[in-house]
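Quick mapping for you: the protein sequence lines, in order, are chains D and Y. Heads up: the first sequence begins at 3 in the numbering used here, then just goes up one per residue. Heads up: the second sequence begins at 4 in the numbering used here, then just goes up one per residue.
Calculated from the structure, these hints are not laboratory results. Given the structure is predicted, the values throughout are model-derived calculations rather than measurements. Ideal Cβ positions, reconstructed from N, Cα and C, are used throughout, including at glycine. Incorrect hints may appear among the rest.
Under the rule of at most 27 Å between Cα atoms (straight-line distance), these lysine-lysine pairs were calculated in the DSS-like manner [as the list claims (entries may be wrong)]:
#1 D:Lys24 - Y:Lys44
#2 D:Lys73 - Y:Lys44
#3 Y:Lys17 - D:Lys44
#4 D:Lys44 - Y:Lys69
#5 Y:Lys44 - D:Lys44
#6 D:Lys44 - Y:Lys23
Examples of chain Y residues lying across from chain D (beta carbon under 7 Å, computed) [said to hold, decoys possible]:
#7 Ser46
#8 Leu47
#9 Thr52
#10 Phe108
#11 Gly111
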Amino acid sequence: GENVEQHPSTLSVQEGDSAVIKCTYSDSASNYFPWYKQELGKRPQLIIDIRSNVGEKKDQRIAVTLNKTAKHFSLHITETQPEDSAVYFCAASTGTASKLTFGTGTRLQVTL
Amino acid sequence: GAVVSQHPSWVICKSGTSVKIECRSLDFQATTMFWYRQFPKQSLMLMATSNEGSKATYEQGVEKDKFLINHASLTLSTLTVTSAHPEDSSFYICSALVENYGYTFGSGTRLTVV
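With the hints as extra help, turn the sequences into a complete structure.
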C-alpha cells in the first residue's frame, strides 16, 4: 500500500520567514495530494491540494509543488504569521473512492 | 456544503463498556466513509473503510470484532468500540469523499477509557 513520509517533524521559523515541508510517496498510482492544517483537538482543514497533472499550485501565501518522477511534493508557506502555527499533514490518494494516506505530520511554530 | 456531523465530540467510558460514534452526512450521500484514529502527537491512521450496504474493509492490525462499523444508509455510518480499554483512548474521526468536492471530515470524537 501507499506510504507517505514527511519531513521535518518540527519546524520553528520567525514571523515573516518562509517554511517548507516535504513529503515523499511510494505508490506511483497516487494522483491527488492534499495538505491539511490541524489544530489541537480539531478536524484537519484543507489548505491546498494538487493533482498529478499539475506541477505547481499557489494560493496567496501558500504553494505546493509536485515532482511525479521523484514522487515527492512540498508545501511552501511564505511570510509566515503566528496563526500559521499548527500541525501540518500531507496526504496522498489514488483517486475516486480511495482512502487518504497521511504523512507523519510537521509541527510548525512561528515565533515573534 | 459537504458537511459531516460527528457525535459525540467527547466521551468518557469505563473499561469493558462499549461506545458508539456516529457520523452523518448532512447535505450529501456518503457511499463510502473512512474511519481514522489519531493518538496524541501522531498522524491519522486509517482503521477501516465502510461502504453503504456492505461489510467494512479493515486495515491490517485493526480488530474487526472490536471496532464494529455499520453503514446502513447513505447518510449514517457508525463506529462502535466494544469492550473498550484504556489503550483505545484516542481521537476518532470519520471522513467521506464527496464527488466534485473532495474529502470532508467529521469534527472528531475524543474517547477516554478509564
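> Straight-line Cα separation of Lys17 of chain Y and Lys44 of chain D no greater than 27 Å?
Replying inline: Holds, because 24 Å separates the two Cα atoms, which is no more than 27 Å.
>> Does Phe108 of chain Y hold up as a contact with chain D if the rule is Cβ-Cβ below 7 Å?
In response: OK, holds: Phe108 of chain Y within 7 Å of chain D, min 4 Å.
>> Hint Thr52 of chain Y vs chain D: min CB-CB distance below 7 Å?
In response: Result: holds, 6 Å to nearest chain D Cβ.
> Going straight from one Cα to the other, do Lys73 of chain D and Lys44 of chain Y come out at no more than 27 Å?
Replying inline: Holds - the C-alpha atoms of Lys44 of chain Y and Lys73 of chain D are around 26 Å apart, at most 27 Å.
> Quick one, is the Gly111 of chain Y hint okay against chain D at 7 Å, beta carbons?
Replying inline: Result: holds, 5 Å to nearest chain D Cβ.
> Going by Cβ atoms only, is Leu47 of chain Y closer than 7 Å to chain D?
Replying inline: 5 Å, holds
>> So if I understand the rule, the pair passes when the alpha-carbon distance is 27 Å or less; does Lys44 of chain Y with Lys44 of chain D pass?
In response: 13 Å, holds
> Taken at face value, is the distance from the CA of Lys69 of chain Y to the CA of Lys44 of chain D at most 27 Å?
Replying inline: With Cα atoms ~25 Å apart, Lys44 of chain D and Lys69 of chain Y stay inside 27 Å; holds.
> Taken at face value, is the distance from the CA of Lys44 of chain Y to the CA of Lys24 of chain D at most 27 Å?
Replying inline: 18 Å, holds
> Measuring from the C-beta of Ser46 of chain Y to each C-beta in chain D, is the shortest one below 7 Å?
Replying inline: 5 Å, holds
>> Run the distance test for Lys44 of chain D versus Lys23 of chain Y: straight-line Cα separation, threshold 27 Å.
In response: Between Lys44 of chain D and Lys23 of chain Y the Cα gap is close to 19 Å, so the pair holds against 27 Å.
In the structure shown, no violation is registered for any of the earlier numbered hints.
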